[in-house]
Amino acid sequence: MTPTFHDRAESLVQRTGARVTRQRIEVLAILLSARRALTHHEVEDRANRSLGIDRVTVYRVLEWLTAHELAHKIAGEDRVWRFNAAGDEGGRSHAHAHFKCNDCGDVICLDEVRAARDIRLPSGYRSQAVELTVKGLCAECVPARKHS
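Numbering follows this note's numbering, with no gaps: position 38 of the sequence shown is 38.
No lab work stands behind these hints, which were simulated from the structure alone.
Among these hints, one or two may not hold up.
[Unchecked claim] Derived DSBU-like pairs: lysine-lysine, alpha-carbon spacing no greater than 30 Å straight-line:
| hint | residue 1 | residue 2 |
| --- | --- | --- |
| 1 | 146 | 100 |
| 2 | 146 | 135 |
| 3 | 73 | 100 |
| 4 | 73 | 135 |
| 5 | 135 | 100 |
Quick caveat, the model's predicted, so the values are computed rather than measured.
Full structure from sequences and hints, please.
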């Protein structure tokens with residue numbers, strides 16, 4: 001039998017050794033089931049529909065998931081964070097690229113495209129993050145663009 005997103009989420013939260021709550025399971029299951037990175041508001045809408053989870057709880061859970069490397073945050077040009085599940089292995093290195101659709105704004109991870117980590121910086125500088133974003137049109141927007 002194939003495990004559900006909720007089963008996978010519960011297993012990943014259990015592996016952290018922290019308390020397993022229905023809110024953590026639900027929010028992580030939402031991220032695991034998403035085909036793309038979701039904004040806080042998108043997660044909130046889905047969590048509110050399923051369990052009635054409020055905005056503040058969703059925010060705290062997303063921060064908890066990020067701190068425990070079960071999810072990662074992607075900074076959008078619109079200054080809105082987007083969240084993506086780290087996957088079944090948990091703690092997936094975030095040293096990969098992202099693709100952002102210029103039409104619909106969807107953001108997805110490009111795990112096969114590795115972002116450089118060993119960048120030689122001037123003396124006294126220290127990097128904190130490396131971001132690589134490929135911009136273009138997603139598979140759903142390309143046909144729409146051809147017909148307009």
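Cross-check of the supplied hints:
no. : hint        : verdict
1   : 146 <-> 100 : holds (19 Å)
2   : 146 <-> 135 : holds (18 Å)
3   : 73 <-> 100  : holds (14 Å)
4   : 73 <-> 135  : holds (18 Å)
5   : 135 <-> 100 : holds (5 Å)
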